[in-house]
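Note that the protein sequences, when read in sequence, are chains A and B.
Taking my numbering, the leading residue of the first sequence gets 5, the next gets one more, and so forth.
Taking my numbering, the leading residue of the second sequence gets 9, the next gets one more, and so forth.
Rather than coming from a laboratory, the hints here were simulated on the basis of the structure.
Honestly, I wouldn't trust all of these hints.
Keeping only pairs whose Cα atoms sit at most 30 Å apart, straight-line, the calculated DSS-like set for lysine-lysine is [as the list claims (entries may be wrong)]: (1) A/187 to B/86; (2) A/21 to A/166; (3) A/166 to B/86; (4) A/21 to B/86.
Going by beta-carbon spacing under 10 Å, a handful of chain A positions derived as facing chain B [said to hold, decoys possible]: (5) 93; (6) 99; (7) 142; (8) 218.
One-sided excerpt, in silico: chain A residues whose CB lies under 8 Å from chain B [claimed, not checked]: (9) 32; (10) 112; (11) 174; (12) 181; (13) 183; (14) 202; (15) 222.
Note that the coordinates shown come from a computational prediction; the quantities given were computed from them, not determined experimentally.
All residues carry an ideal CB built from backbone N, CA and C; glycine is no exception.
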Amino acid sequence: MSTTALLATLRASPAAKIGASIAIATGLYGVSFGALSVASGLSFWQTMVLSLLLFSGGSQFAFIGVVAAGGTGVAAMSASALLGIRNGVYGMQLNALLRPTGWRRFAAAQVTIDESTATASGQSDPSEQKIGFWVAGLGIFLLWNIMTAVGAVLGDALGDPKQWGLDGAAVAAFLGLLWPRIKAFQPAAIAVVCAVVTLLAVPWVAPGIPILVAALVAGLIGWFRSGGTPAHAPGHVGDGMEPELDPYPHEGKHDARARGTDQLRTEQLRTERQGEEQ
Amino acid sequence: MWWWLLIAALVGYATKLLGYLVPAKVLANPRMSRVAGTLTIGLLASLTVVNAAASGTSVVLDARIGALVAAAVGLWLKAPFLVVVIVGAAAAAGLRLLGMP
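Construct all of the structure, not just a fragment, from the sequences and the given hints.
Pasting the structure below:
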């Protein structure tokens with residue numbers, strides 16, 4: 005496809021518009037990550053490596069959150085790895101929806117995050133799903149990295165982070181990441197239990213470890229929680245798989261998501277049936 | 009720290025890629041998705057609390073609690089993420105100006 009044809013396709017696509025607006029909104033808050041990362045003690049380039057290579061808001065904030073709390077590198081890495089597990093689940097869902105092949109698969113993996121997954125799975129038309137995913141994913145990657153650099157430079161210039169309340173900004177950032185995921189009783193209960201476990205653990209173990217203790221408790225709750233929800237599709241309310249941003253706030257969002265979910269289920273059923281036939 | 013940064017980045021990418029490379033049948037079980045979901049909530053809740061009230065190995069009450077309350081009010085009023093972060097910073101900085109540790 006020529007560049008002009010591609011631009012025309014993008015201009016006519018509703019998913020591209022949604023992907024672009026999500027990219028701008030999400031990319032902008034890269035500035036807060038950059039500033040908080042240097043305030044936690046990481047250098048400019050360490051901050052940039054997190055945004056370029058790790059590229060997952062939650063995991064990046066987790067890494068610097070542990071470092072800021074005085075935790076070790078291994079504790080920071082563990083918290084970031086555990087928070088990234090949901091990206092693996094998103095990857096599986098996107099693979100079923102988009103079926104990328106060759107090198108595209110490796111590029112798709114890097115931009116598999118909450119927002120690109122939510123943008124893709126909210127569309128019902130396969131080509132719109134594809135456009136939504138790539139516009140949101142690549143757009144966020146570009147803007148997130150530019151804004152991280154801006155934030156890191158600003159953060160360095162600010163001097164004493166406490167004087168500017170940057171430690172308070174980190175608290176607000178974590179609450180802001182948690183908030184959209186606790187719309188039901190069960191996730192709220194899990195959040196409270198993990199918060200209490202953390203506070204109880206703080207005086208007894210090294211900094212950073214309470215976060216991993218809370219992760220263990222949360223993992224065990226998930227493992228043993230019986231029955232529960234049909235846990236497919238990102239944005240499944242009450243499962244903590246709610247993306248940080250809702251790309252479809254003004255339309256019937258649950259309808260939009262349900263479409264994506266149904267499609268995925270149909271897909272899985274088909275695969276299962278084929279398995280049985282063979 | 010550099011090594012842990014690079015390992016974190018590698019593990020993060022490998023996790024994403026795993027979803028694309030491993031057949032859906034192997035990973036597509038509800039328990040896996042459930043654990044990913046509860047882990048996300050538990051970790052974010054824990055990180056919020058640690059950054060709000062922990063100082064080394066002690067639990068302290070300082071200006072950061074004000075930031076937590078201010079951020080919660082902002083989120084309650086449906087403020088965008090960046091606004092919430094700025095409100096949190098302003099609350100902590102303001103309370104320090106008023107003499108809170």
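Hint check results:
The suggested pairing of residue 187 of chain A with residue 86 of chain B holds, with an alpha-carbon distance near 13 Å, which does not exceed 30 Å. Of the supplied pair hints, the one linking residue 21 of chain A and residue 166 of chain A is violated, its CA atoms being roughly 39 Å apart against a limit of 30 Å. Between residue 166 of chain A and residue 86 of chain B the alpha-carbon distance is near 26 Å, which keeps this suggested pair within the 30 Å criterion. At most 30 Å may separate the alpha-carbon atoms for a hinted pair to count; residue 21 of chain A and residue 86 of chain B meet this at roughly 22 Å.
Checking residue 93 of chain A against chain B: minimum C-beta separation of about 5 Å stays under 10 Å; hint holds. Interface hint at residue 99 of chain A: satisfied, since its Cβ lies 5 Å from the closest Cβ of chain B, which is below the 10 Å cut-off. Contact between residue 142 of chain A and chain B, as hinted, is not supported at the beta carbon level, the nearest pair being about 15 Å apart and thus beyond 10 Å. The beta carbon of residue 218 of chain A comes within 3 Å of a beta carbon in chain B, closer than 10 Å, and the hint placing it at the interface holds.
Annotation: interface hint on residue 32 of chain A holds; nearest CB of chain B at approximately 6 Å, less than 8 Å. The beta carbon of residue 112 of chain A comes within 7 Å of a beta carbon in chain B, closer than 8 Å, and the hint placing it at the interface holds. Restraint check, residue 174 of chain A versus chain B: the minimum CB separation of about 5 Å is within 8 Å; hint holds. Interface hint at residue 181 of chain A: satisfied, since its Cβ lies 5 Å from the closest Cβ of chain B, which is below the 8 Å cut-off.
With its C-beta approaching chain B no nearer than about 5 Å, residue 183 of chain A sits inside the 8 Å limit, and its interface hint holds. Annotation: residue 202 of chain A was flagged as interfacial toward chain B, and the flag holds, the nearest CB pair being 4 Å apart, inside 8 Å. Restraint check, residue 222 of chain A versus chain B: the minimum CB separation of about 2 Å is within 8 Å; hint holds.
In the structure shown, a violation is registered for the earlier hints numbered 2 and 7, in ascending order.
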